[in-house]
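Enquirer: Chains as they are written, first to last, in the working numbering: chain A, 1 to 612; chain P, 1 to 244.
These are calculated hints, taken from the structure and not from any lab test.
If the Cβ cut is set under 7 Å, some of the chain P residues that face chain A in the computed set are:
#1 Val225
#2 Ala233
#3 Gln240
Since we're looking at a predicted model, the values are computed, not measured. No residue lacks a Cβ here, since even glycine has one placed at the ideal position from N, Cα and C.
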Amino acid sequence: MKKVFSTPISMLLLVVLFFALVLLNNQIFRSARFDLTEDKVYSLSDGSKEIINGIDEPVHLYFFFSDKTSEGLTSLRNYANRVESLLKEYANASDGKIQLHLVDPEPFSEAEDQASEFGLTAAMMPGTEESIYFGLAGRNSLDDQQVIGFFDPQKERFLEYDISQLIYLLSEPEPLKVGLLSGISVTGGQNPMTGQFDPPWHFYAQLQELYDVETLPAEFDKVPEDVGVLLLIHPQDLSEKTLYAIDQFVMAGGKLLTFVDPHHESDPMAAMSGMASANTSSLSRLFDAWGIRMEPEQVVLDAAKGLDIRTQKGVTKHVGFIGLDKAYLDENDVITSSLDMINGASFGSLELAEGSQLEMHPLLHSSEYSTHTNAMVYAMTRDPDQLMDQMTSTEGEMVLGARFQGNAKSAFDKALAGNEQGGMDYIAEANINVVVIADTDVLADRFWVSQANFFGQTVFTPFADNGALLTNAVENMAGSDSLISIRSRGTYARPFTKVQELTAVAEMKFMDQEKILEQQLNETEAELSKLQSQQMESGALTLSKEQEEAIKEFNEKRIEIRKELREVRHQLDKDIESLGSRLKFLNIALMPILLVLMLAFVMRSLRTRYKS
Amino acid sequence: MDNIRIIFKREFASFFATPVAYVFIIIFLMMSGVFTFYVGNFYERGQADLLPFFNFHPWLYLFLVPAMAMRTWSEERKSGSIELLMTLPISAFEAMMGKFLAAWSVLGLSLLLTFPLWLTVNYLGNPDNGIILAAYIGSWLMSGAFLAIGICMSALTKSQVVAFILAVVVCFLFVLSGSSIVLDAFQGWLPTVLLDTIASFSFMTHFENMAKGVIALNNLVYFAVVIGVWLYAGLMLIEQKKAD
Numbered sequence: 001m002k003k004v005f006s007t008p009i010s011m012l013l014l015v016v017l018f019f020a021l022v023l024l025n026n027q028i029f030r031s032a033r034f035d036l037t038e039d040k041v042y043s044l045s046d047g048s049k050e051i052i053n054g055i056d057e058p059v060h061l062y063f064f065f066s067d068k069t070s071e072g073l074t075s076l077r078n079y080a081n082r083v084e085s086l087l088k089e090y091a092n093a094s095d096g097k098i099q100l101h102l103v104d105p106e107p108f109s110e111a112e113d114q115a116s117e118f119g120l121t122a123a124m125m126p127g128t129e130e131s132i133y134f135g136l137a138g139r140n141s142l143d144d145q146q147v148i149g150f151f152d153p154q155k156e157r158f159l160e161y162d163i164s165q166l167i168y169l170l171s172e173p174e175p176l177k178v179g180l181l182s183g184i185s186v187t188g189g190q191n192p193m194t195g196q197f198d199p200p201w202h203f204y205a206q207l208q209e210l211y212d213v214e215t216l217p218a219e220f221d222k223v224p225e226d227v228g229v230l231l232l233i234h235p236q237d238l239s240e241k242t243l244y245a246i247d248q249f250v251m252a253g254g255k256l257l258t259f260v261d262p263h264h265e266s267d268p269m270a271a272m273s274g275m276a277s278a279n280t281s282s283l284s285r286l287f288d289a290w291g292i293r294m295e296p297e298q299v300v301l302d303a304a305k306g307l308d309i310r311t312q313k314g315v316t317k318h319v320g321f322i323g324l325d326k327a328y329l330d331e332n333d334v335i336t337s338s339l340d341m342i343n344g345a346s347f348g349s350l351e352l353a354e355g356s357q358l359e360m361h362p363l364l365h366s367s368e369y370s371t372h373t374n375a376m377v378y379a380m381t382r383d384p385d386q387l388m389d390q391m392t393s394t395e396g397e398m399v400l401g402a403r404f405q406g407n408a409k410s411a412f413d414k415a416l417a418g419n420e421q422g423g424m425d426y427i428a429e430a431n432i433n434v435v436v437i438a439d440t441d442v443l444a445d446r447f448w449v450s451q452a453n454f455f456g457q458t459v460f461t462p463f464a465d466n467g468a469l470l471t472n473a474v475e476n477m478a479g480s481d482s483l484i485s486i487r488s489r490g491t492y493a494r495p496f497t498k499v500q501e502l503t504a505v506a507e508m509k510f511m512d513q514e515k516i517l518e519q520q521l522n523e524t525e526a527e528l529s530k531l532q533s534q535q536m537e538s539g540a541l542t543l544s545k546e547q548e549e550a551i552k553e554f555n556e557k558r559i560e561i562r563k564e565l566r567e568v569r570h571q572l573d574k575d576i577e578s579l580g581s582r583l584k585f586l587n588i589a590l591m592p593i594l595l596v597l598m599l600a601f602v603m604r605s606l607r608t609r610y611k612s
Numbered sequence: 001m002d003n004i005r006i007i008f009k010r011e012f013a014s015f016f017a018t019p020v021a022y023v024f025i026i027i028f029l030m031m032s033g034v035f036t037f038y039v040g041n042f043y044e045r046g047q048a049d050l051l052p053f054f055n056f057h058p059w060l061y062l063f064l065v066p067a068m069a070m071r072t073w074s075e076e077r078k079s080g081s082i083e084l085l086m087t088l089p090i091s092a093f094e095a096m097m098g099k100f101l102a103a104w105s106v107l108g109l110s111l112l113l114t115f116p117l118w119l120t121v122n123y124l125g126n127p128d129n130g131i132i133l134a135a136y137i138g139s140w141l142m143s144g145a146f147l148a149i150g151i152c153m154s155a156l157t158k159s160q161v162v163a164f165i166l167a168v169v170v171c172f173l174f175v176l177s178g179s180s181i182v183l184d185a186f187q188g189w190l191p192t193v194l195l196d197t198i199a200s201f202s203f204m205t206h207f208e209n210m211a212k213g214v215i216a217l218n219n220l221v222y223f224a225v226v227i228g229v230w231l232y233a234g235l236m237l238i239e240q241k242k243a244d
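Bound-form chain A, shown alone:
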């Protein structure tokens, strides 16, 4: 090597060169990426590209990130880099229709004022005194604005959805119209029982605040053209022409969100009539043709998720009133991902009909300790304990709410005579988009919102997310098909299916045994408390020798049964634990030794061959 500089100077130059190359690399090559993930979660999806293609007028995006004040917050800066590179991909793919502006709102700068004008929120980071802006604002040529207040790293998997939604809203500035057809008087009015005026249901008031809601008459020929989402609640006895109008609306790509119920029990009229029969929604004509099946006249009972209710006897579990927490809501769907609790009553269960070409994406599901009961029997049963007694066996998890997408056939063979749909052609088969929630009671105030009077004002405080479920669904369905298709891509939870299988087998094996032991334990404990109460009643301060013996015996028996129960529990986990231990041994000891021995053998034979 020809020496131009002395070694120390060369070394110094090398350090400078190293810095320069890393710096250049950071600036030049950060957007070229090769996404190896199964669902291409780090690349723009086709849905996003379609939304970008649909932009007519230029859209300006302002990405606010407090570059200077976030110094040292490495993980946040990395996420900001990811957001920025994704935004650049949008801009690159848009052919100039998306103008991206990168803004660093330093404290007391004009850019900071601009950020607050857009309504962005600055977050105070722990350990620093500075506030950090990390949001996106968009503006279209009509000066409509949309913002993402703060990019929460926890919501990384919805990043693309959120950005695409913002762009979609800017490129489609028309306000959303919701068409409402309800078999329940949700809009309020005079109560036939009391003669007083009832306020509208809270979900309806909330919906009206957010969207332009048009209440449709009980009978109609055609869903109005400007309706973006059709909301169908507890449909009953719809006429042929109304069913045809709904069917053709869905076939023509209209979005249908429907709440159907095997038994709607929040109806005051039904309550007054003593609920002599089940109050069932009827949309089966359309469902059957499309390929959706709601177990007819069957109500889901759930032993694990039943809600505690107050009765004359005290607090008791009602297995028909179901409270679904986060684990029972799909965390990968934008409709349910941010929800924590959904309450409802007498849910139905949803399935795909045989031969259905639809895809079902469950949104809500029950626990594995669920079963069905007849809706009529359910309606007649007043005592929650009697319902519990009906739970003699379990049928596993059931889908209580789902999104259905895919190809479906119309429920009508040909155009309905006299119903020309305003000159629209009859559609026999199409891709449809329907969200079905198999309960209407979820919309009733008593299941999700409490009322209080505050200085003459009625204040509503939600205690469950039923209202958000409805608005999320409307919001999501109102977007284009492309937006719905983005949702959250990628399977983030990948459980050990093998372990799940083992758990299921083990549970089956030991469940019966556990049941017998638990029954014995209950009997023993009942005997014991009987003996103790006998002593109380007799008022005797001391126990007779026989009583003492009996109590001692029962106590011992109880301890014995508890021990056996613990062992049964332990047995349950034993297969799973032993699989874990085997895998540990294989991976840590056996395979490394075997592989290295094999390697030594291969190398030795290679050397021998080479020498010879």
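With chain A fixed as given, assemble chain P onto it according to the hints.
Expert: Okay, now just chain P, sitting in the frame of chain A:
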């Protein structure tokens, strides 16, 4: 190119002529298993991915790779075989490349031999194998960066122990440079661009990006730059010692 191949073969065979490669591979396999299962709670997490496995690679390489690299030049210089090597019709660059590629191949082989864990995770569930492939590529590239630093340190001194310790210290800085411990020392008096550059020096930042399943050009270029610059520095040291 032929000379590089000759040196590569000689070096690669010499790894397996002594127990060095075997000991290295078995320690790597066993330690990565222990970290994955016991520290990373691979089985208890119940998730079909190899995150607990790859998370510990920077820390495993931090000690194992300098141990492997320390003998590359130090040994030659101590035993005097470097004199012989330099009289042969091969350049120092070719010798350096041959040595580096041989050791890097051993590292690649060690990584390949962790396939039972990949089989395990596929037996237990349905992992995203694209992410696993990207993480393997990232891990191998990162090991190359550790190795280049180790080889450079080996070129600096005759003592293998000193070479090992120096390599561990420098590699440690490269692992940590993205963390707040290092950044805090510079914060306030360096401009943001330089701070970001220091943060982007971290092997962790680039490796973690790849372990997510995305092979970004800047991550590939980064590791290539680190390997190139450190090997070049090693080469300068060899040339300088030759001149002394």
